[in-house]
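Chemist: Residues per chain, in single letters:
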Amino acid sequence: MKKLAVFLLLPLLAGCSSITVLDPKSTTGEEQAYLIWFSLGLMMIVLVVVFVLFARFVIKYRYTEERKNDIPEDVKGNLKLELTWTILPIILLIVLAVPTIAITYNQSPKMAAEADDGIDIGVAAQQFTWTFSQPNGKTDQNKLVLPEGEDVTLHLSSKDVIHSFWVPALAGKIDAIPGRTVTYEIKHLQKGTYRGKCAEYCGTQHTNMVFEVQVVSKKAYQKYLKEMK
Amino acid sequence: MDISLFGKTINLPSDVLAAWIFTGIIGIVLVVYIWKKKKLPVIWEYMRTTNHRKIGTLYILFGFIFFLRAGLDALFIRSQLALPNNDFWVFQSQKYSEVFTTHGTMMIFFAATPMLLGLMNIAVPLQIGARDLAYPFLNAVGFWLFFAGGMLFNLAFFLNKAPAIGWTGYAPLTGPTHTPGVNTDYYVFGVQISGLGTILTALNMMVTIIRHRAPGMKLTRMPLFTWASLITSFLILVAFTVLAIALYLLMFDRLFGTNFFTTNGGNPVYWQHLFWIFGHPEVYILALPAFGIFSDVISTFSKKRLFGYPAMVISIVMIGFLSFMVWAHHMFTVGLGPMANTFFAITTMTIAVPTGVKIFNWLFTIRGGVIHFSTAMLFALGFIPSFVMGGVTGVMLSVSAADFQFHDSYFVVAHFHYVILASTILGIFSALYYWYPKITGYALDEKLGKWHFWLFLIGFHLTFFPLHIAGLQGMPRRVFTYDPGEGLTAINFIATIGAFTMGISILCLFWNLFKTHRKAEKVGNDPWDGRTLEWYVASPAPEHTFDPMPIVEDIDPLWVAKRQNRPMRTTDHHRIAPLSKSSILPFVMAMCLFLLAFTMIYHLYWVSAIAGIGVLACMVIRSLTDERKSFYRSINWL
Ligand code: HEM
Ligand SMILES: [Cu+2]
Ligand SMILES: [Cu+2]
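Residue numbers (the working numbering), protein chains in the order written: chain A, 1 to 229; chain B, 1 to 638.
No lab work stands behind these hints: they were computed from the structure. Every clue listed holds true.
Derived lysine-lysine pairs resembling DSSO-like cross-links, with alpha carbons at most 30 Å apart:
#, chain 1, residue 1, chain 2, residue 2
1, A, 76, B, 218
2, B, 218, A, 80
3, B, 519, A, 68
4, B, 303, A, 76
5, B, 562, A, 60
6, B, 161, A, 159
7, A, 80, B, 303
8, A, 60, B, 450
9, B, 303, A, 60
10, B, 303, A, 68
11, A, 60, B, 447
12, A, 68, B, 522
13, A, 68, B, 447
14, A, 68, B, 450
Excised from the complex, chain A in its bound form:
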């Protein structure tokens, strides 16, 4: 069992930096990764406490031959203890809630196009392709080119069913819903080529609704904008 655990944990321990979501390439993604680590850390406290108590109690109070005729003492409860494990988790959750609220407030996708700092990119989803339009009107299918170091505001819409725009290496996902436009901001992109996927089941070819994101230098981006299709 122990060996098994090590075997399972190994990729986690050795490869944290290589797990896509935990090695984000934008400030937005970094904030999300921070929240993941922070909540995992807090929750590890809970996990360790429960595991230790569990192991201790199960070993200590197991049935043995000597205890064959033991009748355990009749304990009804213990108000102090029970209050402890009501109040401590509340405190723990408040600690977790503060950064959650702060970052959520900043990052949540919005219905109206309030945020208009950064580059505006139109994202139109349709079974089973993505069409990206640049500020100058240039469009491309299943390929999104973006400049390094900038913030982008995505304006998502769908022509048919619900899809979801996800570039795990950059940031979290946002749904593309027919009949409305949702905006989502991804801040401060780093250079690189990333896989993008549709994350909301949208039909039998959902798996193949993938795209590529190229974050390139500003110069290369300007050049891309001017290129005729």
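On the provided structure of chain A, position chain B with the ligands as indicated by the hints.
Modeler: Leaving out everything else, chain B with the ligands in the frame of chain A:
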């Protein structure tokens, strides 16, 4: 494969063909067995029964059959995903979508929920000293509706028309424009009919628990499983009603051109709201009864009273209440806005508090006890650390900004399997070993039980632990393959090994059932040195129980009586017990509804109308033949 029939060529994929052949063989074997052993009267008896133990057994039997079917689907899913760019049998695009839709829908609606309802049916009346459920006839109706819905949903696959929409059936994909075939209709009608049965059973359970407790069994003395069943029934009543409405509206969209969930006047997001107002409470409908089972099992096998009984009850109530205030945590990425995302993040976190209270109270029930490692207890003990791991990822998911990454990825798949398998499935297994003597009179084999437990637990962690990482590595759910370059290969391969380990553990359970019935060794009333009333009646529980009626004077009345070396006190003064009388009407009613739904799917409305009249006729007949009338007359009540 193309088959020519009556001059028409039918295209039948090999998986459907295999299913027909397999079912055909099993069918023939069954028919021969029934004929040879002259079991026809038994079947006829069970078709007409209104007894709570027998209906409970039917619920568990068919729930388990559907569980096997959905489990087989899970193995197909895992086989397809074992390697990158794999082509396992037919399970790519269309067929893969069908198989995960069937897996999810069957597990939730036709396996987990009915098996729990079956356990409630069997155990609740015995735990509170009732001779049957309050409305035995209604109970049979509830069961046969579940049966009809399950059969209808399964039929889709045999006709090669399985839905491919995910168990959540999101609009507008489920609308008439995007899935015009009958596939989606099978989902709508199958779930609708069985859901109706679930609502009826919940009502029955509520009335039974409130009205038919033994003398002295105050609410504050009820066993935890009964408490959990009561709260669960309230959740079912509200949640399944919302689901019924949602499905009803979707049916109108699909069949009669309304626009509730289209962009043409309606809104596809409305479906998500309705679905999750049902869907989130549903996970607690699955979890709470399991919590009840674990409370009873842990207390019994630690030889100790449950620690903090009032807190345990209050936390169930709190969880039930809060479960209606968190639905939008499934919709963080929809764009409801920062305000909604924050609100639902906070409410979701609060559910962790009562859940945590329960975990610690279970731990402190064990503390100071004498723990007997029976198989039932092992499943309960396996539940605690496994469930806490699922709970921990649940809190992580509630962090809405982080959920933008987790959502709809394998992290979520790992999370909900951790909570559902650890609570519901381990709970059902625990209950099976625990109450098997009450159901059949035999105790299951402990040694094979331990094999079953360990293989299942190891397989479960082996499957789902790595899948957390698959999600963080960028694997979305509901995809039928991935690229070799994505770093997902090892993770998926391990998960597949785990899934087959679970499969093998189920074979151990089969062997165990077979062996136990071969041996046919009767056990007494009270094989586990139990604490509650069900261990006071004979095993298996007879149709006429609690005669004379015991008086309940404590939380664990049987245990207290045994410690004081006295029999339980009894009385003749108690509420009149429900009358259970066999009737074929519930079965006929459900079959009429089946026909109604089936013909609706194919727009044969005039047949539907006739079937509808059939249902109505059954109701009229029932109203005119109330078996209680003559009874009440005989004791001069009317
Ligand atoms: C017994 C072993 C099981 C295995 C190996 C298994 C495996 C899986 C896998 C791999 C998926 C993801 C499919 C995909 O997204 O492409 C899945 C989905 C799902 N499973 Fe299981 N599962 C098991 C048991 C259960 C149980 C017991 C339940 C509930 C009672 C359950 C409920 C679900 C649901 C609701 C889905 C989502 C289906 C959807 O996306 O529409 N599973 N399962
Ligand atoms: Cu998609
Ligand atoms: Cu939920």
